[in-house]
Each structure stands twice: as C-alpha cells, then as structure tokens.
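Engineer: Single-letter residue listing:
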Amino acid sequence: MPHMWWVVAASVVVGLVAAYLIWTAGRVERLQGRAELAARALDAHLLRRAAAAAVLAERRFGVELYAAARIALDAHPDEREAAENDLTRQLRSVRLDPADPDCGAVIAASRRLALSRQVHTDLVRDARSARSRPLVRLLRMGRGREWPRYFDIDDPTLTVPTDVPAS
Amino acid sequence: MRIGIVCPYSFDVPGGVQNHVMDLAEALITLGHEVSVLAPADEDSPLPEYVVSAGRAVPLPYNGSVARIAFGPVSTARVRRWITNGDFDVLHVHEPLTLSLSLLAVLSARGPVVATFHTAMTRSRVLAAAQGVLQIVLERITARIAVSALARKVQVEHMDGGAVEIPNGVAVAKFADAEPLPGWPGECAPGAGGAVGFLGRFTEARKGFPVLRDAFVALADSRPGLRLLVAGPGDPDDLYDQFPVELHERVTFLGLVTEPDKARMLRSVHLYVAPNTGGESFGMILTEALAAGTTVVASDLDAFRRVLDGGRAGRLFPTGDAVGLRDALTELLDDPAGRATLSACGDQVVANFDWPVVARRVMEVYAAAIEATDGRVIDQEWVGLS
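First to last, the protein sequences are chains A and B.
Going by our numbering, the first sequence opens with residue 599, and the numbers climb by one from there.
Going by our numbering, the second sequence opens with residue 2, and the numbers climb by one from there.
Bound-form chain B, shown alone (with noise of 0.2 Å):
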C-alpha cells in the first residue's frame, strides 16, 4: 500500500507529534508498505530518507505558544505536487485542525484521507471563528483517530463525530535494547542501594516532584547508598535547592534529555516514580519505563491505573502521599522477586503498545476509509469549483 502521511510540525525540533509520525512511519515501513512522510523543515537538516521537505518553517506565536508551521502559497504549491505525484492510496494527516500543511493536505486531496488528532486543543482560534470552514475540513476526512480517550471526548463532544481510539505506540525495542549509563543502577541489596527516577518538569506542580523528593529525603536517612535520577527541563539550582547539603551528591541531574538518553536513563534506575497529582491524559512515560523493564510506581491516578492493569504491572500508591510512597520504594527495593513480577507483567502491557501491534490497527482505519471512498488520493483545486 502506498501511505501518505503529513506531519505539521518541522522535524527540526522535536516534540511528540514529530516522535508519532516518524515511528508510525517506520512501523508501516517494516511491514511492507511505502511510506512518504511530508514535512516542513529546513532544507539543510539531515532527514530520513522517507520525508520528503515541505520547506522552511517559519515560527508563528499560535494558540499560547510558538508552532514552526509552513502555511501558505509556496506550501500549498509542495504540498499539491507531493500529492500528485505520490499517487497515494490513503492520506494521513496529523492534527488537521492548525493552520498547518495538514490542513493545506486536507483540502488539496480528494479521496481516503485519515486524521489523527493528538491534543484536546483540536479548535483554532481561527478555525472557531469559522464554523463553516470547520465543517468543510472535516468533511473531507473520512475516518478519525484519536490518540487518547481525552481527545476523542472533544471529538465527539465539540466536532460533532466520532472517532476510533488508537493509542500512542512505544518503541519498545528502542527502550529494551538501551545501555544503562555508566555506573547506574549500581548495587540494590535489602536496606541499602538502589537508584530511583524521575523524568518531566520538576518545577510544575501536576507532575508531583515534591511529593518524591519528600519520601526521598525520608528514605535517605535510612537507607545508605540510594541515588536519585532526575531528567527534564530546568534549572539545576532549581533542583538542588529543594534537598539537604548533605544529599547532594546522592541527587544527579541530567536536564533536558533527547530520545535515546530518555531510554538509557529508564534503564538506569531500579525505580521509575510517577508522583502526577493529575493532568495526565494518557501516561506515555509509563509505557516507555515498563518497555526499558524497569520498574514503575505511580501515582493512583484514572490513566496510570489503566496503564498499569490496576496495578498489576507497576505499584500504585495514594496520590500526592509522600508515605505511602516512601513505603512503596522501601518495599520494592528491598524485593528483587516482586520487581520481577511487576515487570514481566508489565512486558505483557506494553506488548499491546508496541509500534507493529499498532500500526496494524492504523491499518485497519486505512482499509476502513478506502472501502468508504472510490479511488486513490488526487489532487484536487480547492479554490475553484469541486
């Protein structure tokens, strides 16, 4: 099959969208289809050989933050040539919704088109101010994906429709196969050792770093040689000033991480804690901990506890109580065999989020848009007469 596939968002930064289109991309590659991926990015910047450069981004202030989009004539020029002469058949594009190439897509192409909405923002400003130009977008989709169950509650609440819930996969392999830092995890014996970690924006209250950084410092008292793994944005003194002098050189932060480093620092650790007060949507980080085998604790949250079966493929613990997470670590680390439960179990979760398991459900969505459609993706003057 010959897929099409938009991506919004320049490929020169990276961003989670950016991480979905490429590894669907690839996923759908290995299983035998060809594969276009169009893109904006910046003509000099080393791509896959797979996604064809829609240009330059131009940064734009958009809906609270700065999106690098392409929009425009000389876009949707690209944008209308790689459709002829992909000879696609089925389009899926990506966050239809942003003023964006995806948008251009939907309304150059005639025939199967897909769309997968990430976010719960799924209404532009400018696109709300139109309803009537809404309507003429999502007529021209045929089948929807939605990432998460929040973004299909907007879809069928506020686009009028429905939409199939696929969700985010994981690489698991990627995760599986990383090489643990140097000199991490270290030793982890009953009453002394371990390495915990926390990964995200440690100064934003949802993400609960307070909450970890309490029964860290209780534990760590008690328990020699127990290290603590921080990645995320942010500023070290930000960090640092929140332990005891004396703990300092137990607490490393490595900032911002990329892709493969995220990977490596899961394996790193003996513990990855999820301290969420809430927010989460879905609880991607859980999934990619479970598929680099460590294991996870995690707040008793709706969506950790769907990703976790309950409980039975990570430990959950009150939300926001810093005993009861003290007690988790205490026990977990002091419990190599109830670790090892908790991951083998935690391998048949994610085996449900691996990337090929997923691209054949996107196949199916496919297949379901081609049957509801005559012909293959043309392109079509969308400022003339259909």
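If we strip away everything but chain A, and leave its shape as in the complex, we get (with noise of 0.2 Å):
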C-alpha cells in the first residue's frame, strides 16, 4: 500500500518539525531568562557601587564624588549609563588607598560590578542573536517579553586586582 508510507512519511516530518519548533521556543524562552536575570544581577551591582561612593564620599573625597553616587542611583533608566560612567570617571580622578574599608568596598565592588557587566553583556548578545532568527521572529517566540537590552558603559574595574581579600 503505497498510500501508506505517505502517511508514515508525512507523520514524521510533521513529528520533526514540531520538536524542532519546541526546541527552539524553549531555547529562545531560556535565553531570554537568563538575560533579565543577568540584567536583575547587574542592576543590584550597580546600586551596590553606588552606596558603596556615596559611604565613602561622605567621609572623604567629598561633595563631587557624593553629587556622582547619588546622581546615579536616582538616575532615569535613559540616564543610567552616563550617570554611571560619570561616577566611573569621579572613582578613577581620586586616589583610593585599598587599605582603607571604605575604599576597599568601592573597588570590590567596581570589580564585581565588571564581571556582572561582561556576563550581562554575553547573555544579552546570546539571547539577541537568538531572537533574531528569520523562524523566531516569524513565529513571533518571546513575544510578550522585552526585547534585551544592553547596558553599555565603560570598563568600571578601577586598579588592576592584585589581591583579592577574603569575604
């Protein structure tokens, strides 16, 4: 009955397709998670930093390096990125001694705000590149959430991590 094997052959392509559209939808779906936790991760850092100055600039450094911190952490999401470079170049034009805790507390935390800001930026292009395909994009996979964004700004690392102390 070759009729039969029409109907066999059909069922599995159809069978094919259908995975292959679930497997993408749920790699497009995963990706897209791990960016808004990625970009959740960042934000906390950010803010992190930011206390981090402003704690600082109230003892030394003061009223320019205090103006950056609080300018950045009340800043508009439009703003943020320069908001936050501006406070990158006010950490980098003062010396900070990291034998001092407070200023301890700045570099570590500029130094965990790069490594969040370099995997944000990986997760972002991952899940970008993966909504971008011609099948996603006609399907309409992820609809319903926020295209990723990237959150661009400089290098924060403020001095080459020598040591690393114990926390």
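In case anyone wonders, no lab produced these hints; they're calculated from the structure.
Mixed in with the good hints there might be a few duds.
Stated by the list, open to error - Here are the simulated distance ranges between beta carbons: (1) B/Ala174 / A/Ile620: 50 to 56 Å; (2) B/Gly33 / A/Ala649: 27 to 33 Å; (3) A/Ala607 / B/Val75: 31 to 37 Å; (4) B/Pro234 / A/Leu619: 50 to 56 Å.
Stated by the list, open to error - Short derived list, chain A residues pointing at chain B, Cβ under 10 Å: (5) Ala642; (6) His643; (7) Ala706; (8) Asp720; (9) Leu721.
For each residue, glycine too, the CB sits at the ideal point set by N, CA and C.
Build the complex: two chains, separate frames, hints provided.
Structural biologist: Rendered as structure tokens:
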C-alpha cells in the first residue's frame, strides 16, 4: 500500500518539525530568562557600587563624588548609562587606598560590577541573536517579553586587582 | 559551596591544563569549598581523593597532536551521573570546545556554567564545521574565563563574546620550599662560580637557547666554576654537541623533569635565564622561577616585561642579544645585593599569582554566574527537547 507510506512519512516530518519548533521556543525562552536575570544582577551591582561610593564620599573626597553617586542612584533609565560612567570617572580621579575599608569596599564593588557587566553583555548578545533568527521572528516566539537591551558603560574596574580580600 | 570541575585531559599524562585543574581544586578546597573533579583516568591509576574517574581515555589524533580524551555514550552516562550526584552550585569546565568530557558536561548541564579557555586554539575543526553546534555550546556557558591575554583575544574576535582574564596561578609554597639538588647552586663569589639555569625545549628556535649558549661560552672562559643547568625534553648529544669539549663537565642536563623536580631545579641556580625570542603568551616559567626565589634574567618581550613589572622584578636584556645577556649575567653574578633586591620585588609580583589569590578571583566569577542563572546545576537530557 504505497498510500500508507506517504502518511507515515508525512507524520514523521510533521513530528520532527514540531520537535524542532518546541526546542527552539524553549531555547529562546531560556536565553531570554537568563538575560533578564543577568540584568537584575547588574542592577544590584550598580546600586551596590553607588552606595559604597556615597558612603566613602561622606567620609572622604567630598561633594563631587557624593553628587555623582547620588545621581547614579537616582538616574532615570534613559540617563543611567551616562550617570554610571560619570561615577566611574569620579572614582578614577581620586586616589583610592586599598587598605582603607571604605575604599576597599568601592574597589571590590567595582570589580564585581565589571564581572556582572561582562556576563550581562554576553547573555544579552546570546538572547538577541536567538530572537533575531528568521523563524523565531516569523512565529513571534518570545513575544510579550521585552527585547533584551545592552547596558553600555565603560569598564568600571578601578585598579588592576592585585589581591582579593577574603570575604 | 559545592563546585564541580571537569578536566578534558587524562591525569595519567602531565600537562598544563591538568596541573591548573589540580592546583585550582586544591586551592578551592583550602578555602573551605567542596570540590569534585571529573577527569578521564585509567581504573588503576592513583588519583587525589577529590577526582572522579570518567573511565579510560583513548588516544586520538586531534588538531595536529595526540590527545587522550574520553567521549561517547559511556562517557556521557558517567558525566550525567556525576552531575546528578554532585548537586553542584556551579559547574566549571575547562576547554569546553574540544571533543571531550567538558563538551559533554556543558551539553548535559543546566544552571550556572563557567568555562575556562586555556589555549588560543579554541575552535576544533569539527566544531568549526558546524557553527550552529558551536553556538549551542557557547549558549550554555554563563561566564567565560581566559587564562591569557591571547586566549581572551581569540574569545573576543572569533567567538563573539567577552571573557574575564584570570592568569594561571602558581603554587608559590611548592616552589619556595623545594629542596635544591645536591651540590647546587654552589659557590658564587665575585669573578668566580655561580649557577645558571634554563628550562625548555633547547632545540626549538623560539626558546632562544643558542643566545644563552653563546653568552655562557663567552663567559665560562673568564669565570672559573660557572655552571649551567639545563632541563627539558631532548637528546643529551644534541645539547653537548653545541658546547666545546672542555666545557662539557660544566653543563649538566636533567632531561624532562617532573613538577617537583622542576621546583628543585629552579631552586638550584643563582640565575634563571629565559632567552626566548618570541611566541610566549604569558611566561608561566618566570612566575615559577620568581616563586622559587631565583633571580630571573629574561629577554625584553612584551609578556616577560609585564610579568617582571617592567624590569623591577627581574633583569631584561635585548631579545636575541648574546652580548647583552653575558653582561647581565656577569653583573648579577657579582652582585648578591642586586639579586636580593630583584628577588624581593619578585616576591611581591608573584604574590598576585599565588593560587589562593587566583582562586578567590575565580570564586567571584562563580558568584557572577550564579546570579545570572536560577537554581543549581541540574542534569538535562540534551538530545531530547529542552
């Protein structure tokens, strides 16, 4: 019965296509979710650094650093990248003493922020490349989720990390 | 923290990646973490207790050399069982783009995955042929580490992604406490004596051994008692043929040395010479010599200058210049105080490469990877639907 074989072949093809689509949808969903988590972690580290800088500014270095830290903390999402870059510049313009606990906190927070930024950039790139595939766009997979956005700031690392204090 | 580390190469043969994995695992255990290392190994070979064997490795001609790796359905089953039993907070794979346990682990695991890239060769021909597969592997990795600036450059330019640069560590204590070989380094007085060391493949042009030979031969006449200690793979005849017969008794050849003997060798000389003419990406051996407390004389290569802090932690001489090297050797052998000053600065430099320090930086990458994923490392059927 040649007729029968057509049915079998067609169902195999349909099955494979369905499996591929489900797999792709899962992949887009996973990459998207990971980029969102990375964005949340990045946000936390930005806040942590600005807070540490504000604490330091209250004791040393004074009003300019304090203002930069406050502006970074309160910045509107559209202005946040510029505000964070300003804070990095301010921190670079002062002499930080790694032995001082407040300075050490800022240096450590900057280092963690640099790692978090690196991870975020990579994960956003993966998510965007998955979502811009033609099939994914055609079937509008991942809709209802925001298009993952880069957070474009300068490398916030302050000094070449020499020793990492045990924490 | 529970950490699972995957080493692609067998512990039965020594190698840079294997040493790195063992030293990292030990440093992490010292910091109070639970570490399990999965690696291919023969059933009866003695392994540290934190290593889990994934079965025998098969020698396979691969990318121009022979790699001993484990791959296939049996290895896959073992990897998945190890991941399930391990209940890890983070999975750390080394060289994930080789056909190996590391690749299997990346494909089998969900959750925070950190990958370390060691060599500049990061793309196997097999994977290069399938860009889509490469992308699927890279997507599973949460954070990437490169051990050298060169390895990082490859990441950025060819793999379309960044990587955190964390250098290889040095087990400083192992080098600092090593016992010198009997009878070495011997006397070193102004104008006489002294021991000079070289480690590496002396037949390979870019290691620059002829530069050291010329400097040594020129200096040996005027400096009685000066000795040369050479270690590395090669045929003794090829080495001794390069020297005049009367100098043969002043040249000692150790052949290929084990890690402990390497430390002893570095402790056995007054000056360690790195006459390389190029091609070094990092200069691991320099940090090891510094850790042993030996004064370093090295060619003025970018990588070496960076390790030696621009010449504060060791003497630099113009690359390939035997006369310059001879002068540097003469001056330093006659000047114990100068050697001590360089060594003291070397101690500070090498403290940055000490394994506990490097391991803490790796821990920060683990933390960043964990933040960007929810949950622990779980086993996942990778051939099926995700």
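Engineer: All hints, please: hold or fail.
Structural biologist: To see whether the hints hold, each was checked on the structure:
1. B/Ala174 / A/Ile620: 50 to 56 Å: holds (54 Å)
2. B/Gly33 / A/Ala649: 27 to 33 Å: holds (28 Å)
3. A/Ala607 / B/Val75: 31 to 37 Å: holds (34 Å)
4. B/Pro234 / A/Leu619: 50 to 56 Å: holds (54 Å)
5. Ala642: At about 8 Å, which falls below the 10 Å cut-off, the nearest Cβ of chain B leaves the hint on A/Ala642 intact, so it holds.
6. His643: holds (8 Å)
7. Ala706: For A/Ala706, the interface hint holds, since the closest Cβ of chain B sits about 9 Å away, which is under 10 Å.
8. Asp720: holds (5 Å)
9. Leu721: holds (6 Å)
In the structure shown, no violation is registered for any of the earlier numbered hints.
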